[in-house]
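Protein sequence lines correspond, in order, to chains A and B.
The opening position of the first sequence corresponds to residue 1 in the numbering used here, with each subsequent residue numbered one higher.
The opening position of the second sequence corresponds to residue 1 in the numbering used here, with each subsequent residue numbered one higher.
Derived from the structure by calculation, the hints contain no laboratory data.
Note that this is a predicted model, so its numbers are computed, not measured.
Heads up, the beta-carbon is just placed ideally off N, CA and C, and yes, glycines get one too.
Any given hint might turn out to be false.
Just a few of them, taken from the derived set where beta-carbon distance is under 8 Å, the chain A residues facing chain B [stated by the list, open to error]:
id : residue
1  : Gly32
2  : Asn65
3  : Gly89
4  : Cys115
5  : Glu123
6  : Trp145
Only pairs whose alpha carbons sit at most 16 Å apart, straight line, appear in this in silico EDC-like list of lysine to aspartate or glutamate [as the list claims (entries may be wrong)]:
id : chain 1 : residue 1 : chain 2 : residue 2
7  : B       : Lys2      : A       : Asp31
8  : B       : Lys3      : B       : Asp176
9  : B       : Lys3      : A       : Glu30
10 : A       : Lys40     : B       : Glu209
11 : A       : Lys162    : A       : Glu144
12 : B       : Lys3      : A       : Asp109
13 : A       : Lys91     : A       : Asp108
14 : A       : Lys91     : A       : Glu101
15 : B       : Lys278    : B       : Asp176
16 : B       : Lys278    : B       : Asp355
17 : B       : Lys3      : A       : Asp31
18 : B       : Lys2      : A       : Glu30
19 : A       : Lys91     : A       : Glu123
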Amino acid sequence: MLIFREIRFHGRGGQGTVSAAALMALAAFEDGFESQAFPKFGSERRGAPVEAYVRISSTIIRAHNQVYTPDAVVIQDAGLLRSEPLLRGLKRGGLIVLNSEQNPSREDDNFRWICLPASQIGERHLGRPLPNTVLLGALAASTEWVSLGALEEAVTNHLASKGETLVNANIAALREGYGFITHAEEVMV
Amino acid sequence: MKKLLEGSQAVAEAVRLCRPQVVAAYPITPQTHIIERLAQQVANGELEAEFINAESEFGAASIVLGAVAAGARAFTATASQGLLLMTEVLYNIAGLRLPVVMVCANRAVGAPINIFSDHQDSMAVRDAGWIQLYVESNQEAVDTLIQAYRIAEVCGLPVMVCMDGFLLTHTFEPVDLPTQVMVDNFLPPFHFSRTLAPSRPMTLGGGSEPENYQEFRMAQFEAMENARAVIEAFDAEFDDQFGRAHGGLLQAYRLHGAQTVLLGMGSLMGAVRDVVDKLRDQGQAVGALRLRCFRPFPAQALTQYLSGVQRIVVLEKAISIGAGGIVAAELRAALHQAGNMTPVESVIGGLGGRDLTPEVIETVFQETPLNEKGATFRFAPNHVMPDETDRGDCL
């Protein structure tokens, strides 16, 4: 079966948005898929809106174009929803993984919303309110597009130069994000 | 083994494997990550080279000029205005016949200032005497960089490896990095026969008079003519040793029986191949031809590939203001010279980073000639977003 998925990550400069996309692509590659990750091309500034994209495919990816109709959107800062059309192009039935303390996970006519307080969880593990690996865990748990093991491997390799403490903290954050979804599903069942 | 690497990082690893002794550069978007990674490698001791953070691109180019003249293998990278600031030195490097290798992370040229990718920068220096190779993927960037040193050193000509800024430099994709042993087997150590050394005094770059200047240009031209066979031979040899080839001068895609052929350069050709597959599935006789080597211009190979093709479309990401498409004009000349009078449709697009999506490319394939009388080219249409409701404020 041909698998082809596109994901768009939204965040602010400094939130690890580009890293999140890279980690997702690395994990997919680890799982045996072809993958591609790239930032929205432009000047990076701390605090400014940032976008990054991932493609995951069962066949070789040859195109180098922007992503226009993603299957999922990951939103690292809910405040961006008020200033930018973050859901533009999102496919009907698509997934939104939203970093939010207030909003419940739900399904509406068009989309499936997964909401979790990723900054809080991130802060507990990393000492800073960084939501990226938490949201990746939630994305993996709610889609099964990549395995948790592959994401852990990606975090370990990609962040190796930043030291073992940071790697372990991110893996813990990733696992909590993953568990937040799988645990919620168990409760619902 | 394949790894998922950012294009800039992959290229920096390839540079390291080529064992340059001098790396000089001035940072400019979107080349910066290449140079950052090389600086890191030198600082970590992974690469034994002198790293010089120059005061400008003019300085960086001058440093690699001097380094190669002194017998060192050297590397630099730049883009856009940086490449243009190097222009005078680029001509000198080529005229002195110094085998410098550089990466141009292709970017638009100001004004207006724009950091995104098109081919205007390297096209602007097309007559400087550098071999120019345009790559489609990060794998090809790595492989071409390794081939580039061998080509440069055998031909006595500098080589510019042109890779699309951001579209390749900032994209993570699977890349097979060769081992040091493999690269050492392919690329022998650099021995410069005209090395400047106090023990053997000689002049490099002396003046020339009207009586002999033209002969220097002729010799350069001949070396460039001879480079075609070298580029093809080393791509084939690379294939033998590494199991990958990139077409030598030109890479044909589904040309068999093709009535319409789209010619282009660089990373846009990945999407072009996807579109060719789609149109072929619909029964349309289309194909693609990727111009990998723009200098030397492979006129003969192009005319051979395009012989019998009914419709030729060139899609290019640069414009000669006052003339039109640059590749298209050169192709028209080549075909005309060979007695082939097939019209060449010239389409210009992707300027300043405008996305040439599969949808746009499909339109370029389908659309028929110019609407304006006397026009030599048309612009590619813009990408149109699919219909959607306003979902701006969802909370």
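Hint-by-hint comparison with the structure:
1. This hint is violated: A/Gly32 has a C-beta 11 Å from the nearest C-beta of chain B, more than the 8 Å allowed.
2. With 8 Å as the threshold, the beta carbon of A/Asn65 comes within range of chain B, its nearest partner Cβ sitting at about 5 Å, so the hint holds.
3. With its C-beta approaching chain B no nearer than about 6 Å, A/Gly89 sits inside the 8 Å limit, and its interface hint holds.
4. Annotation: interface hint on A/Cys115 violated; nearest CB of chain B at approximately 10 Å, more than 8 Å.
5. Annotation: interface hint on A/Glu123 violated; nearest CB of chain B at approximately 22 Å, more than 8 Å.
6. Residue-level restraint check for A/Trp145 is violated (minimum Cβ-Cβ distance to chain B is 15 Å; threshold 8 Å).
7. For the proposed pair B/Lys2 and A/Asp31, the alpha carbon gap of about 13 Å is at most 16 Å, so the pair holds.
8. Only pairs whose Cα atoms come within 16 Å are accepted, and B/Lys3 paired with B/Asp176 is accepted, the gap being roughly 6 Å.
9. Between B/Lys3 and A/Glu30, the direct Cα distance comes to roughly 9 Å. Compliance with the 16 Å bound is thereby established for this hinted pair.
10. About 52 Å separates the Cα atoms of A/Lys40 and B/Glu209, which puts this hinted pair outside 16 Å; it is violated.
11. Between A/Lys162 and A/Glu144 the CA atoms are separated by roughly 28 Å; this puts the pair beyond 16 Å, and the hint is violated.
12. A hinted pair counts as satisfied when its Cα atoms are at most 16 Å apart, and B/Lys3 with A/Asp109 does not qualify at roughly 40 Å.
13. A hinted pair counts as satisfied when its Cα atoms are at most 16 Å apart, and A/Lys91 with A/Asp108 qualifies at roughly 13 Å.
14. The suggested pairing of A/Lys91 with A/Glu101 is violated, with an alpha-carbon distance near 25 Å, which exceeds 16 Å.
15. Between the alpha carbons of B/Lys278 and B/Asp176 the distance comes to roughly 28 Å, so the proposed pair goes past 16 Å and is violated.
16. Pair hint B/Lys278 plus B/Asp355 does not hold up; C-alpha atoms about 19 Å apart against a cutoff of 16 Å.
17. Using a Cα cut-off of 16 Å, the hinted pair B/Lys3 and A/Asp31 holds, with the two alpha carbons roughly 12 Å apart.
18. In summary, the hint linking B/Lys2 to A/Glu30 is supported, as the alpha carbons are separated by about 10 Å, within the 16 Å threshold.
19. Distance check on the hinted pair: A/Lys91 and A/Glu123 sit about 32 Å apart at the alpha-carbon level, beyond 16 Å; violated.
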